[in-house]
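Protein chains in written order, with this note's numbering: chain A, 88 to 550; chain B, 88 to 457.
Please keep in mind that the hints were generated in silico from the structure rather than gathered at the bench.
We treat Cβ as the ideally placed atom computed from N, Cα and C, and that holds for glycine.
Check each hint, because a few of them may be wrong.
A few chain A residues facing chain B, derived, Cβ under 8 Å [what the hints assert, rightly or not]:
| id | residue |
| --- | --- |
| 1 | D112 |
| 2 | S113 |
| 3 | S162 |
| 4 | G163 |
Which residues of chain B face chain A? A partial, calculated answer using Cβ under 7 Å [said to hold, decoys possible]:
| id | residue |
| --- | --- |
| 5 | E96 |
| 6 | R100 |
| 7 | M102 |
| 8 | K103 |
| 9 | C104 |
| 10 | E120 |
| 11 | A133 |
| 12 | G137 |
| 13 | N144 |
| 14 | I159 |
| 15 | P164 |
| 16 | P167 |
| 17 | A189 |
| 18 | R192 |
Given next are the chains, with one letter for each unit.
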Amino acid sequence: MPRSEVSAEALDKIKNLVGPKHFLDSFEDRLCYSYDSTIEEAIPDAICFPESPEQIAQIMKWANEYLFPVIPRGSGTGLSGGSVPVQGGVVMVLSRLNRILEINEEDFYAIVEPGVITQTLNDEVDRRGLMYPPDPSSMMTSSIGGNVAENAGGLRGLKYGVTKDYIMGMEVVTPTGEIVQTGTRTVKAATGYNLTQLFVGSEGTLGIMTKITVKLIPPPEHKESVLAIFQEMGQAAQTVADIIKAGVVPATLEFLDHITINAVEDYKPTGLPRDAGAILLIETDGIKEAAIKEIGRVEEICARNGAIKVQKAGDEDERESIWTARRSALSALARVRPTTILEDATVPRSRIPEMVQGVQEIAGKYNIQIGNFGHAGDGNLHPTILTDERDKEEFARVEKAIEEIFDLALSLGGTLSGEHGIGSAKARFLEREVGTAGLVAMKRVKDALDPNGVLNPGKMFVD
Amino acid sequence: MAFLDEYSEDLVRCMKCGNCMTTCPVYTVTGRETMLARGRIRLIKAAMEGQLELTDNLREALFTCLNCDACILTCPPGVPVNELVQAAKEALLKQGKPLSEAQERIRCGIVRESNPFDQPQAERGAWLPPDLREPKPAKVLLHAGCSISYASNRIGKAVIRILQKAGIDFTMLGDSEHCCGDPYVRMGDMEKAEALWALNKTAFDKYGVEVVVTPCAGCYSAFKHHYADRVKPMHVVELFAQLIDEGKLTFEKPFKKKVVYFDGCDIGRHSECYEEPRKVLAAIPGLELMDFPKNREESVCCGGPLLGSYPDYARSIAAERVREAQALGAETIAVACPTCLLNLKEGAQAAGLRMDIQDVTTIAVRAVGK
Chain A
88 MPRSEVSAEA LDKIKNLVGP KHFLDSFEDR LCYSYDSTIE EAIPDAICFP ESPEQIAQIM
148 KWANEYLFPV IPRGSGTGLS GGSVPVQGGV VMVLSRLNRI LEINEEDFYA IVEPGVITQT
208 LNDEVDRRGL MYPPDPSSMM TSSIGGNVAE NAGGLRGLKY GVTKDYIMGM EVVTPTGEIV
268 QTGTRTVKAA TGYNLTQLFV GSEGTLGIMT KITVKLIPPP EHKESVLAIF QEMGQAAQTV
328 ADIIKAGVVP ATLEFLDHIT INAVEDYKPT GLPRDAGAIL LIETDGIKEA AIKEIGRVEE
388 ICARNGAIKV QKAGDEDERE SIWTARRSAL SALARVRPTT ILEDATVPRS RIPEMVQGVQ
448 EIAGKYNIQI GNFGHAGDGN LHPTILTDER DKEEFARVEK AIEEIFDLAL SLGGTLSGEH
508 GIGSAKARFL EREVGTAGLV AMKRVKDALD PNGVLNPGKM FVD
Chain B
88 MAFLDEYSED LVRCMKCGNC MTTCPVYTVT GRETMLARGR IRLIKAAMEG QLELTDNLRE
148 ALFTCLNCDA CILTCPPGVP VNELVQAAKE ALLKQGKPLS EAQERIRCGI VRESNPFDQP
208 QAERGAWLPP DLREPKPAKV LLHAGCSISY ASNRIGKAVI RILQKAGIDF TMLGDSEHCC
268 GDPYVRMGDM EKAEALWALN KTAFDKYGVE VVVTPCAGCY SAFKHHYADR VKPMHVVELF
328 AQLIDEGKLT FEKPFKKKVV YFDGCDIGRH SECYEEPRKV LAAIPGLELM DFPKNREESV
388 CCGGPLLGSY PDYARSIAAE RVREAQALGA ETIAVACPTC LLNLKEGAQA AGLRMDIQDV
448 TTIAVRAVGK
């Protein structure tokens with residue numbers, strides 16, 4: 088990949104603009120902004136922390152004048168290399184734009200800056216009796232800007248949708264340095280191209296968001312939770328299909344496979360049977376009577392499909408304990424081997440059994456360990472590869488296995504990424520999903536907005 | 088830093104997920120990756136692999152770590168960050184990287200006068216009544232510690248009064264008391280730390296000491312981790328709690344305030360003493376005891392370990408804790424550590440926040456009455 092040197096003159100200008108306190112260029116600092124949560128790494132030339140859309144616009148103008156890459160970054164918790172400066176350049180951290188500008192309790196929206204931590208927004212809207220539903224597992228640390236840029240998902244996707252379903256509008260600095268307003272504060276809008284949704288999930292390649300208008304909803308008044316244990320993965324998958332068929336839309340419908348269950352029991356035993364094939368965690372919510380009635384149906388369906396055990400949470404403490412296994416899934420898997428690679432291939436939910444089976448076959452074929460857990464209700468799995476990046480031979484097998492997992496998901500009518508994005512990690516596979524014509528169309532959009540290719544190059548497309 | 092090889096697997100285990108952002112107090116006030124467990128691990132890895140020289144910036148990244156051990160609470164693979172940072176500090180020193188000016192000042196103070204403030208050792212016991220300035224054989228030794236000997240005498244005097252009232256027979260080393268060695272450990276100078284441990288143990292032997300009780304959480308943690316083979320270490324609040332159980336310590340005068348107890352890292356996470364200080368406070372009539380939103384093993388450090396070397400960070404972090412206490416409606420923050428006491432006071436003052444901040448012992452002594 089080509090690597091461009093940023094001219095000292097351009098760096099000086101940026102440093103003077105944002106102030107020396109908000110500009111870093113020591114080797115140690117650059118090393119610490121070379122990564123996100125993948126194994127991808129590349130060292131930037133400098134890091135800046137702008138404080139306003141105007142500063143960002145100015146930096147983009149210089150980027151086009153001096154031709155250097157700018158890489159927008161939130162908290163750096165991404166899972167596809169989205170904020171990794173693969174071609175060098177200037178990492179632009181948006182953490183200083185961290186104000187919640189408005190929470191409108193009458194029209195149910197909030198206007199926030201991109202550096203707001205998602206959980207901070209959750210806490211603020213919760214205090215006002217409202218809810219921002221997208222709940223990526225990283226929400227304690229990830230920024231709302233990063234969530235929007237990656238179209239982050241979460242546990243509640245099945246019933247409540249994902250980030251894109253809650254973005255009403257934004258203020259964006261284009262790659263050429265213009266400040267653009269998109270969208271509205273209204274529920275309905277039929278004005279011009281839907282630029283808002285173009286920028287959602289654009290992974291920092293089309294623009295830098297400086298304000299985001301998010302939709303809020305009233306939270307459900309009641310929740311019911313059930314933990315169901317199955318001998319076979321197939322029974323759990325059939326249960327998922329039957330629940331949906333019965334017209335029940337759970338708020339969450341999570342699963343853990345046999346390997347994950349055993350990793351959890353090794354890490355923090357919760358009394359799950361070690362020979363279980365899968366467990367499902369199902370939560371219904373809404374009006375109290377409806378949630379109770381729905382969980383009743385869920386229990387029946389679990390029993391009918393041969394669940395070994397169906398455990399309903401009687402109170403908040405029991406609900407917490409039911410969720411312990413799911414919450415510790417990643418920590419448990421992460422302790423099995425030194426390196427943990429978290430994928431997010433997603434299939435239509437009816438194909439989950441084939442996907443889970445296929446992933447295990449791939450694990451067998453390449454003699455590697457893969458735990459599987461995730462959001463069964465929306466088909467979003469997290470095949471989690473447990474390996475050691477220092478073992479080059481094993482790691483080569485891991486890379487082959489990942490490629491086969493992608494192909495498997497696509498062959499089942501699925502997608503490469505349910506919620507992590509393409510970034511640099513999956514760029515070379517994108518064409519397999521969208522086709523050559525699809526890729527060309529996307530590239531034309533990119534070229535139109537970013538003629539010099541200065542904004543987050545090397546992502547989505549293989550340059 | 089080739090001899091860090093034993094930690095190579097721990098370094099690889101870091102998933103760079105950034106969960107440590109939620110718990111690292113220093114990152115919370117600086118927003119800099121080099122001052123976050125994830126960044127520090129990356130830098131240690133780079134130094135180990137020869138990608139990074141032993142630079143001043145590397146040293147800063149290591150020495151801005153509070154060793155508060157909170158990052159491990161949210162770390163999915165459970166990387167022992169504290170151990171890694173400690174090993175890296177030791178390696179840095181062994182490979183000839185000099186300490187920073189601030190750390191070197193602390194080291195010189197201990198070398199010369201056996202206290203980090205470079206105050207005269209000959210006056211260490213000047214605050215003591217004459218009968219306690221000279222050691223005598225006793226099973227129980229009250230170790231004041233450097234902070235209390237030279238700065239927070241009030242805590243020491245409160246403890247002495249309570250122990251005497253409860254009829255405990257104890258001795259003190261007075262002018263011949265030494266530093267516990269904890270500051271040396273924090274700067275990675277294990278050779279000097281070990282020499283102090285040996286020196287102190289010899290003194291304990293000389294007077295037949297079996298139990299060392301101290302109001303300083305830092306000393307307490309040091310005793311617990313490095314002296315337990317020779318003596319039984321106790322924080323004074325543990326002894327107070329025991330005396331309350333035995334009916335030897337009772338509180339008569341009420342303290343009618345809402346008091347939030349702050350779990351400092353050295354007494355809390357590092358020594359797992361959570362209930363005894365609460366028990367002492369709860370026994371005081373009229374006192375309404377509260378908890379911080381994050382308490383006990385999840386408590387967030389006050390920033391105290393940085394007060395000597397990075398005072399701005401230390402005070403900013405402390406101010407956050409004071410604001411949390413204010414939001415709870417607390418009138419007093421109670422601590423069981425002279426470093427927390429000093430730092431929280433400094434933080435409140437620097438940020439212009441009004442808050443009564445006291446050691447558990449000074450609250451207790453007032454409640455004991457005549």
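- Task: Output the numbers, in ascending order, of every earlier hint that fails for this structure.
- Result: Hints 1, 12, 14, 16, 17 and 18 not satisfied by this model.
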